[in-house]
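Peer 1: Read off the chains here:
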Amino acid sequence: MTDRTVVAGQLSSGTGMSECLAAAREGDESAFVRLYRDVQPRLRRYASVLVGGQDADDVTAEAWLQIARDLHGFSGDIQAFRAWTARIVRNRALDLARSRSRRPSVSIGLDDLLDRPEQHDAWDLAAERMSTEQAIALIATLPRDQAEAVLLRAVVGLDPAAAGEVLGKRPGAVRVAAHRGLKSLARRLSADADTPISDAE
Amino acid sequence: MRRNQIPSAAERERLLAGERLEGQRLSELLAAATVSAHSAEPPGLESALAAFRSAPAVVAAPPARRTPVLKSLLSGLVATKVIAGVAGAAAVGGVALAASTGHLGDGGHSADAPGQAIAAAHQPGATDSVSMSSSSDDSSSAASSESSSSSSSASSTHAPTPSLVGLCHAWQAHEQSQSDHSASAAHSAWAKSPAFSVLVSTAGGTDGVDGYCAALLTPSTSASTTPTSVPPTHPAHPTQAVTTHANHKPSAVPSHSHPAPSHTNHKPTATASASATPSA
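Chains S and A, in that order, are what the protein sequence lines are. Take the first sequence: its letter number 7 is residue 7 in this note's numbering, and every next letter is one higher. Quick note, this note's numbering runs 201 ahead of the 1-based positions in the second sequence.
Only chain A is shown next, with the shape it has when bound in the complex (with noise of 0.2 angstroms):
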């Protein structure tokens, strides 16, 4: 019955141009091809919407964005850290805490603060403990680099960081729906992309991602009441974007190394007045 078709050049041309014919299997083909989805929620609609809601809502330039964005999200962290320093809380994060109490100028001197207990009980990923307990030898090297740093940026904290949020939150969700698939086969190749590249590398690395993204989505209860909006002011952030700054690649991650979890309460009033104004 229906044999032989091969539609005339004018009839493709409808075709491709998504007319139907009737009577033509390449028709029915195509409109196979196009009819539209059958699930009511399609799986990739979360972790979209995240993104989207994370996009600022102005106007930007989008290649200037992206460093910015990781600088002044760096910069007021490396302000936040300053004023934990002062704190007490010293010894968080090694080469941060360099950075912090050599521009302080020694006085944050952190001989007095139990290090690595309050330092790893900041970092849930912990993708960091062992340069931070070695670096916090050398401190004087460490701060006169970062210092520099931290001094040049740490005029801008009007950080647009709700990006790292959204990340996050398309990171996670891309993870749930993956759950098939096998995860890690799913996050590298996830983790490549250039989308992920700022929270990759904030994070310390794929495998910190994680830990990054539970530690910035945890609901902070003192701080904040709008979390996905102000994501500087969540404590645990400040050490795994401040030692990817400081560019240590730690290469082998003891996730094993969550110790006292009781400290990361302490701090969100400080960050809270690091960060006073970011959102414009």
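Looking at chain S on its own, in the form it has when it is part of the complex (with noise of 0.2 angstroms):
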């Protein structure tokens, strides 16, 4: 209801989720609403550098029936929330994987096996005025372990700390790779604006 008003707006920081969370976490619909509605862009946006656009929708959709039925006996704040429905989400892509791997008990990397949104257009920007599938998709042109670096912390909002929990990682880690994300994309936006790409391969 509200999404409508804040089109140019930014995903919201969480104030006044957590209250959100615990009313939906009792069974108020209009709540759980609310929230998915503030968490299931920032999912799906996961969702898309891990699977693919093509792919995302259905990745979530799944999280979200896990979500839905477990969502009563979840404790603890937005924060939580998130890392955990983004560990749900990142679950939902490795099945995606598994499913489409010819080689089900040989241990599978996201890398391998998912398809990476296509790359090509998405430098072609005049970068004044980005689409979020643009910026998804750029980000998703990173090493996977530093584009989803980048997404949890920027995108999903999580601290390092829960980004590590979601990927089984130290925050650390964490924090090198979204750092090497970000330079990364900074250097090659900085080269974007000094030449015009051609859609090199």
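Be careful, since some hints might not be right.
List of simulated lysine to aspartate or glutamate pairs, DMTMM-like, C-alpha gap at most 25 angstroms [said to hold, decoys possible]:
no.	chain 1	residue 1	chain 2	residue 2
1	S	169	S	77
2	S	183	S	133
3	S	183	S	165
4	S	169	S	95
5	S	169	S	159
6	S	169	S	145
7	S	183	A	411
8	S	183	S	145
9	S	183	A	223
10	S	169	A	223
11	S	183	S	159
12	S	169	A	212
13	S	183	A	247
14	S	183	A	212
Bear in mind the hints are in silico, worked out from the structure with no lab data behind them.
Take the two lone chains, each set in its own frame, and fit them into one complex as the hints suggest.
Peer 2: Below, the structure written as structure tokens:
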């Protein structure tokens, strides 16, 4: 309902969302909807870095079934909730990867299996007005650990410790990956500004 | 103008924490990445909401829940089935029939029932018409294996089965939202989700889910005013669920066998009495 009015705004920092979370856990439907609207765009973007935009809807939709089912047993604040949901999304993405693998018993990395979003037009930006999709696609061109770290921190809104929990890494490792990712993005953006990109393969 | 802007470590940290830095292209990129959703209605909201509605309102231990849901559902169904057998629709659903008649001590022997016609009428998905007809012959053996489980589980008829209804809503909502995708591809990925495992197994396989849900969600005029919260009152789901319980994996699904829907409505009374206390 209020989404329409904040089209140009940023994802909220979480104020009020902890109350929302508490109400949703008690079964308040409108609170759940607000929660969904806050968290889903983050999860969707995170998922699209993991599996590409095509499958991100499926992955997050499945994740939400689990979230809705287990929400009542969840305890924690909105930060913890975002981390929990991000972990569910990540697991669903891995499930998807495994289901597509011909070698299900082999340990699988997302890098090996998942389609990454198309890269070429992501760089072809006027950069003055970048769409969310372009921005996410751009971040997705980073090595996966960096892309995930950037997404979890900057988009999902997790601190390094929470992001580390999602990724099964130490906070320091997340930090390094996120910073590397940002540096790399900054370099590419400034190179982009110097020379018009002609879709180098 | 904006060249060579590699932000410092401190700046990067601020960016990661959600701050915006004026004149930084990287900041613009992150702003674009975090801009709030454009669509007023996110496409998956409906199915998420359906799942939310179907989730239990009280805190329950999540790990212990999945099996009991299915089990108590099945127990309710078996009880339903027993009553249905008494009511004269004894031939409904082969193994289930075997179970119920066996359980009743052969009294409900179905020789008088025009078995398959009724049975088929009771299961819109019709995943099982083959095993149905064959198993009515060897009802004694099937009964021995089935009756034990039915008697053991039939004691707990307070089934929190709304989750199946919710899953069906979610399934259907997802299906609608997937009109641009290939439905089967979407379903196969969808069906592998742990979230749907109960639904898929209850319906006897991915292919059975549509039919199962269609039957489950069809409003039953006589039985219940709140079909979403009291699913066990619907006549259609005993057959398939018990079929699953008996573990007949129907490999071929004859989806063309939907004959004579006229019988689908004769059971709600028996069903309602079987699951008299579904919600606590």
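Peer 1: Each hint: holds or not?
Peer 2: Checked hints:
no. : hint          : result
1   : S/169 - S/77  : holds (21 angstroms)
2   : S/183 - S/133 : holds (20 angstroms)
3   : S/183 - S/165 : holds (23 angstroms)
4   : S/169 - S/95  : holds (20 angstroms)
5   : S/169 - S/159 : holds (13 angstroms)
6   : S/169 - S/145 : holds (10 angstroms)
7   : S/183 - A/411 : violated (49 angstroms)
8   : S/183 - S/145 : holds (14 angstroms)
9   : S/183 - A/223 : holds (17 angstroms)
10  : S/169 - A/223 : violated (32 angstroms)
11  : S/183 - S/159 : holds (19 angstroms)
12  : S/169 - A/212 : holds (23 angstroms)
13  : S/183 - A/247 : violated (39 angstroms)
14  : S/183 - A/212 : holds (11 angstroms)
In this structure, the hints that do not hold are numbers 7, 10 and 13, in rising order.
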